[in-house]
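K.L.:
Given next are the chains, with one letter for each unit.
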Amino acid sequence: MGDFSSEVISQIDRRFMLDLLAKNERVDGRAFDEYREIQIEMDVVPAKAEGSAIVRIGDTTVVAGVKVLTGEPYSDNPDEGVVMVTAEMPPIASPLFELGPPKEDAIELARVVDRGVRESETVDVKKLCIEKGKSVYMVFVDIYPLEYDGNLIDASSLAANAAMMTSRFPEMKLEGGELVQTGKELEVPIQNMAIECTVARIGKHLVLDPTLREEMVQDCRLTMAVDEKDNFTALQKGGGVGPLSIEDIDHAMGIALERTKDLRTLLKRTIKGTD
Amino acid sequence: MSPEVKPDFLISPEGLRVDGRRPDEMRPIQLEVGVLKQADGSALIRQGKTYILAAVYGPRELHPRHLTLNDRAYLRCVYRMATFSVPDRKRPAPSRREREISMVISNALQPALFLEEFPRAVIDVFIQVIQADGGTRCAAINAASLALADAGIPMKTLVPAVAVGKADGQLLVDLGDEEDKYGQGDIPMAILPDTGEITLLQQDGSFTREELLEAIQLGINAMKYIHELQKDALKRAYAKRVSELDEDDDEDDDYEDDLETDLGESDLMEE
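Top line first, the protein sequences correspond to chains A and B. According to our numbering, the first sequence is numbered sequentially starting from 1. According to our numbering, the second sequence is numbered sequentially starting from 1.
Excised from the complex, chain B in its bound form (with noise of 0.2 Å):
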C-alpha cells in the first residue's frame, strides 16, 4: 500500500535522473559473500534501494531424478520475490515472471561454469528479493555468480549485469524502478568480462538500431565496473576468513572447507 506517485519527469531540465544521478551514473552497490551460514555459498547485494540474497547448495544429488543431464550438472535457478517487496503485496505462489526470471538467470551463469565437471548432479542457486526497486534480475545475477565461487564452483569468471534503458529520449545505465516502470524501455544483459560475450540480453521498449548497440556499450563499460567491485567482494571475505584462521586456531574446523577450494590443502596442514 505504500504510495506510488508518477514523476513528474524523469530528466530534469539540468540533465539529471529523478534520484539525481548522471544518465551514466550507477546506484550505490554493496555486495558481501558468505552471508549465510547453512548454505555452501552465499552473497548479499545492495544495488540503491534493491536488497538479495543468493544462495548455493551443492553440486549434490539432483531431486526429482528425471531433470538429470548425463554429462554435466544441473544449474537450476530459483528466482523468488518475498511478498513484501514489492508496493504491492505479491501473491505468495511463483509467478509466471519468476519463472522466466528464474531461466535467463540460469542461461546467464551457466556459460561461466564448468558444469561438465559433476555429471548428473545439481547445482541449486536460490535467489531472494527482500526489496525490489528495479534491477533485480541483474542484482541477482550479480550476487549469485559471487555466491557460486564462494561455494567453490569452479568457474571461468564472475558474471556481471547491468540493465540499461530510455528516458526522455536519454539512454540510463542502472535503471532505478520508477525509469523502469515509466521509461522507454529496458535493456538487462550480462557479459563474460574476459571475453565481452553476452550470456542475457532482453529487451522492452523501444529503441533504434544505433540505440540499441550504444546502450548495449555503456553496459559493458557499467559491468566492467561491477566485475571488479565483485572481484573486490571476494578477496575481503577470504582475507576476512584467513585472518579469523590466524586468530583462532579452535575454529579451523568451520574455515576448512571453505579454503581447501582457494588454498589447497596443502597450505593447511603447515599449522
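Bound-form chain A, shown alone (with noise of 0.2 Å):
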C-alpha cells in the first residue's frame, strides 16, 4: 500500500496537493503532524478470541484478533514462546485491493506490523514459556483491514497492540505429558509497547498520517516504531522510490517521537475505560 507507482497517478491532484502544501494546508485541513480522529474498540471478538479490537483512523478501518495456542518451542530458542502477527489486504476493504494470495504490499504490511511487535520485544516471550523445551504458548496477532482510506500500518499497529492489552487466555501446565489448565487467567505479557508512526513525503514536505488520497501522490513514506523509551526499534521506508534526505529523516522522528506519545496515552486511556 502506498506505492502507487503502478497505478495511473493523477499529476493534477499532485499539482493541486503540492500548490496546497506551499501554502501550509493539506486537502482535509489537518496539520502536517496531525494524526485524523482515532477511534479505538476494545474487545469486539469477546466469544471467540483472545483479545480484540477495531481501530478507525479517520475512514481507514482495521480489525484486530488475537488466538493464544499452545505448542513446542522453537530449538534454539527452547524456553521462550512464540508472537506472530499477520495481516491481510482483503478485498473488502478497498476497491484497489485484489482477490488472491498476498502480493507484495500485504506482505509488506504484516511484516512492518510484526517487526515493530518483535523488534520492541514488546511481549516478554519468556513468560510465555509453560515447560523449557517441551511446551509453550504461541500468541497470533491476526489483522483484517476492513476500510482503506491510507496509512494501514498505523492503525495496524494500534490494533495489534490493543488486541493484545485486551487478551485473557487460560493457564496450562504439563501433568505426566498432558496439558491441563490450572483454572487461572493469564494476560499476554506486554513489557515494552512499541506504536508506529508513518509520516509521508510528498514533494518536498513531510505529512503525518496520509489519507489514500495523499498516498497516491505521495514519493515515499517512512514508517518508524518507537518504543515506550523513545527509542526507535523498526524503520521502514516504503511507498515508492523517491529518497529521503537526512533532514527529512530526523524531522520525521521528531513527528513520531511526540505523536506516539498521544496514541500511547490514547490506548492507555480507552483499556482504562473498558476495564
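You may find that some hints are simply not true.
[To be verified] Here are the simulated distance ranges between beta carbons:
id: 1; chain 1: B; residue 1: 203; chain 2: A; residue 2: 46; range: 27 to 37 Å
id: 2; chain 1: A; residue 1: 181; chain 2: B; residue 2: 224; range: 39 to 49 Å
id: 3; chain 1: B; residue 1: 244; chain 2: A; residue 2: 262; range: 28 to 38 Å
id: 4; chain 1: B; residue 1: 93; chain 2: A; residue 2: 213; range: 27 to 37 Å
id: 5; chain 1: A; residue 1: 181; chain 2: B; residue 2: 19; range: 21 to 31 Å
id: 6; chain 1: A; residue 1: 124; chain 2: B; residue 2: 30; range: 32 to 42 Å
id: 7; chain 1: B; residue 1: 244; chain 2: A; residue 2: 231; range: 39 to 49 Å
id: 8; chain 1: A; residue 1: 230; chain 2: B; residue 2: 92; range: 28 to 38 Å
id: 9; chain 1: A; residue 1: 254; chain 2: B; residue 2: 7; range: 55 to 65 Å
[To be verified] Far from chain A by the CB rule (all over 12 Å, computed), these chain B residues:
id: 10; residue: 22
id: 11; residue: 119
id: 12; residue: 218
id: 13; residue: 224
id: 14; residue: 227
id: 15; residue: 245
Keep in mind that the hints were calculated from the coordinates and are not lab data. In this text, a Cβ means the ideal position worked out from N, Cα and C, and glycines have one as well.
Relying on the hints, combine the two individually framed chains into one complex.
P.N.:
What follows is the structure in C-alpha cells.
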C-alpha cells in the first residue's frame, strides 16, 4: 500500500496537493503533524478471540484479533514462547485490493507491523514458556483491514497492540505429558510496547498519517516504531522510490516521538475505560 | 484456546434451549446498512454472537477475464472467516469449506438479481466473518443481500436465510454453535420471500420426510420475519442519508451516488 507508481497517478491531483502544501495546508485541513480522528474499540470478538480491537483512523478501519495456542518451542529458544503478527489486504477493504494470495504490499504490511512488535520485544516471550523445551504459548495476532483510506500500517499497529492488551487466556501446565488447565487466567505479558507512526513525503513536505489521496501522490513514506523509552525499534521506508534526506528523517523522527506519546496515552485511556 | 464444554443437554426439562430460547425463537438480530465507506454497498449483521460484515463492489470490470459471461454479470461471492472468529485459530488460507459456502451463497442470491443488466461485468460480494457462533452462511446471506441493495444492484427482492436444526428430537429455529455441533442435524435455507421459492437448501444429520417438511415450514416463517427486519434496516439507512442531506448541503457530493438509485436525479436537482 502506498506505492501507486504502477497505478495511473493523477498529475493534476499531485500538482494541486503540492500547491496546497506550499501554502501550509492539507487537503483535509489537518496540520502536517496531526493524525485524523482515532477511535479504538476494545474486545469486539469477546466470545471467540482471546483479545480483539477495532481501530479507526479517519476512514481507515482495521480489526485485529488474538488467538493463543500451545505448541513446541523453537529448538534455538527452548524457553521462549512465540508471538506472530499477520495481516492481509482483503478486497472487502478497498476497490484497489484484489482477490488472491497476498501480494508484495500485503506482505510488507504484515512484516512491518510484526517487526514493530518483535524488535521492541513488546511481549516478554520468556513468560510464555509452559515447560522449557516442551511446551510454550503461541500468540497469533491477525489483522484484517475493513476500510482502506490510507495509512494501514499505523492503524494495524495500534489495533495489534490494543488486541494484545485486552487478551486473556487460560493458564496451562504439563501433567504427565498432557497439557491441563490450571483454572487461572493469564494476560499477554506486555513489557515494552512499540507504536508505529508513518510520515509521507510529498515533494519537499512531510505529512503525518497520509490519507489514500495523499498516498496516491506521495514520493515515499517512512514508518517508525517507537518504544516506551523513546527508542526507535523498527524503520521502514516504502510506498514509493522517492529518496529521503537526513534532514527529512530527523524531522520525521521528531514527529514520531511526539505523536506516539499521544497514541500511547489514548491506548491506555481506552483500556482503562473498558476495564 | 477458548475452552469448549459440551452442554449436558440441548433442551432443558422445561423445553428451553441452551441459551434459554424457545424452539421456534430466533436469536436477537441487528442489521445495519452502509457501514463501510470504501465499498459500493455494505451491511453488518449480528445474530446472537455471530458477527459478519458484507461488502459489494461493482458492477465492475472482471478479472481474470476468462470468467466473463457474455449474457450476464458474474456474481462472485467470497466468504472468509477471520482466524480469530472460531475457538481454535483458523488457518489463514481459504479452506474447502469456505469455498463451498462462497458458492452456495452466490447460488442463493443469484435468482434475486437482474444480472443480465450487466453482461461481461462482475459484481463482487465479499463476506468477512468476524465472530462465528453458528449459522454464519445464513447470516452472511442476510447481510449480503442488504449490501447488494445498498450498492444499487437491481433486485427482485431481498433474500432472507435461516438454519433450522434438530436436537433431542425437537426441531429448532436459528441454530447456535452448540446446537449445530452437538445436535442431530442442520438445514440452512434461503428463500425469495414474494414467491416462497427456495434458493439455498443444504442438510446434514438425520431427519424423516415429515420432519424435513416441518423444518422447512418453520424456516419459511422465520425468514419472513427476517425479511421484515431487512426491509426496516434498508429504510433506516436511506432515511438517515436523506436527513443528513437536508441538514448539510456541503455533503451533497458524498450521497449523490447513493440517492440516484433510489430517488432518481430529478429529486436531487431541486435543491
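K.L.:
Look at the Cβ atoms of residue 254/A and residue 7/B and judge whether their distance stays inside 55 to 65 Å.
P.N.:
The hint (55 to 65 Å, Cβ to Cβ) holds, given that residue 254/A and residue 7/B are roughly 58 Å apart.
K.L.:
Please test the hint of 39 to 49 Å on the beta carbon pair from residue 244/B and residue 231/A.
P.N.:
46 Å, holds
K.L.:
Lying within 27 to 37 Å: is that true of the beta-carbon distance residue 93/B to residue 213/A?
P.N.:
33 Å, holds
K.L.:
Holds or violated: the 32 to 42 Å window for the beta-carbon distance between residue 124/A and residue 30/B?
P.N.:
39 Å, holds
K.L.:
Measuring Cβ to Cβ, find out whether residue 227/B lies farther than 12 Å from everything in chain A.
P.N.:
Consistent with the label, residue 227/B stays out of reach of chain A, its closest Cβ about 25 Å off (over 12 Å).
K.L.:
Against chain A, does residue 22/B hold up as non-interface, every C-beta pair farther apart than 12 Å?
P.N.:
Non-interface label stands for residue 22/B: nearest chain A Cβ at 22 Å, farther than 12 Å.
K.L.:
Given the range 28 to 38 Å, decide if the beta-carbon distance of residue 230/A to residue 92/B lies inside it.
P.N.:
With a Cβ separation near 34 Å, residue 230/A and residue 92/B satisfy 28 to 38 Å, so the hint holds.
K.L.:
Note whether the CB distance of residue 181/A and residue 224/B lies within 39 to 49 Å or breaks it.
P.N.:
45 Å, holds
K.L.:
Could you let me know if the closest chain A CB is still more than 12 Å away from the CB of residue 245/B?
P.N.:
Its Cβ never comes within 12 Å of chain A, the nearest being 19 Å, so this holds.
K.L.:
Beyond 12 Å from chain A, beta-carbon-wise, is residue 119/B?
P.N.:
Non-interface label on residue 119/B holds, nearest chain A Cβ at 21 Å vs cutoff 12 Å.
K.L.:
Since residue 224/B was said not to touch the interface, does its Cβ keep a gap of more than 12 Å from each Cβ of chain A?
P.N.:
Non-interface label on residue 224/B holds, nearest chain A Cβ at 28 Å vs cutoff 12 Å.
K.L.:
Okay, residue 244/B versus residue 262/A on CB: inside 28 to 38 Å?
P.N.:
Given a distance of about 30 Å, which is inside 28 to 38 Å, the answer is holds.
The structure is consistent with each of the numbered hints, conforming to all of them.
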